[in-house]
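Engineer: All chains, please: the whole structure from these sequences, using the hints.
These protein sequence lines are chains X and F, in that order.
FYI, in the working numbering the residues of the first sequence are 1 to 112.
FYI, in the working numbering the residues of the second sequence are 1 to 113.
It should be emphasised that the hints constitute simulated quantities derived from the structure, not laboratory data.
Where a beta carbon is used, it is the ideal one built from N, C-alpha and C, also for glycine.
Among the hints, erroneous ones may be present.
[Unchecked claim] If you want the footprint, here are the derived chain F segments under chain X, 3+ residues with CB under 8 Å: (1) 42 to 53; (2) 61 to 72.
[What the hints assert, rightly or not] The calculated lysine-lysine pairs, modelled on DSS-like cross-linking and capped at a C-alpha distance of 30 Å, are: (3) K83/F with K52/X; (4) K69/X with K52/X; (5) K69/X with K83/F.
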Amino acid sequence: DAKTTQPTSMDCAEGRAANLPCNHSTISGNEYVYWYRQIHSQGPQYIIHGLKNNETNEMASLIITEDRKSSTLILPHATLRDTAVYYCIVASGGTSYGKLTFGQGTILTVHP
Amino acid sequence: EPEVTQTPSHQVTQMGQEVILRCVPISNHLYFYWYRQILGQKVEFLVSFYNNEISEKSEIFDDQFSVERPDGSNFTLKIRSTKLEDSAMYFCASSVRGDYGYTFGSGTRLTVV
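Structural biologist: Printed below as a string of structure tokens:
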């Protein structure tokens, strides 16, 4: 699976958009980009995933560049409860049966 | 919203003892996983399970570990002879299919003394 690079930490003001970048320059054609978060040692929580098109759900938006070498997770109106470690993971579907390789992630701190 | 349920939430065991960690995945999910996280470290993949057999396992998942789906609802992780270094949070996860988002449980904190 392709490796990802994320900033170690980011800050965001409550109510503002949080934009979390991720580089995955070695991504291959059948690999998806997944985003998870982990709040204070709880189980990781799935946020969103995509292959090449931008995606949006009730939690966030995922913007994937045309060359698929990087992506940005957008939390449109961050709240204090969004303070967590955010993981960008690249994984192939199908034959890998869903193994996820977690990195260190980005510690997002949302300030009042 | 459907949940993955793990029991117990915290287990303390003596070194050398066997432990069984239990998980109830979401009912219509077909793929099951165990991950662990040693305090302050990354979340690590242990094993994936599909169609009643292990589909992939990591180097961590040695002969001391086993998984089982004894009935239609439970998914268990057994550690035969626990070591101090097995102390960690163990997370169970399940997914509808292997290329979709996974739902993790809240974890079992295993402490080996």
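Engineer: Now tell me if each hint is right for this structure.
Structural biologist: Outcome of the hint check:
1. 42 to 53: This one holds; 6 residues, not fewer than the three required, reach chain X with a Cβ under 8 Å.
2. 61 to 72: That given contact is violated, which follows from only 0 residues of the stretch 61 to 72 of chain F lying within Cβ reach (below 8 Å) of chain X.
3. K83/F with K52/X: violated (44 Å)
4. K69/X with K52/X: Holds, at roughly 10 Å.
5. K69/X with K83/F: Answer violated: K69/X to K83/F is near 41 Å, above 30 Å.
Checked against the numbered hints listed earlier, the structure breaks hints 2, 3, 5; every other hint is satisfied.
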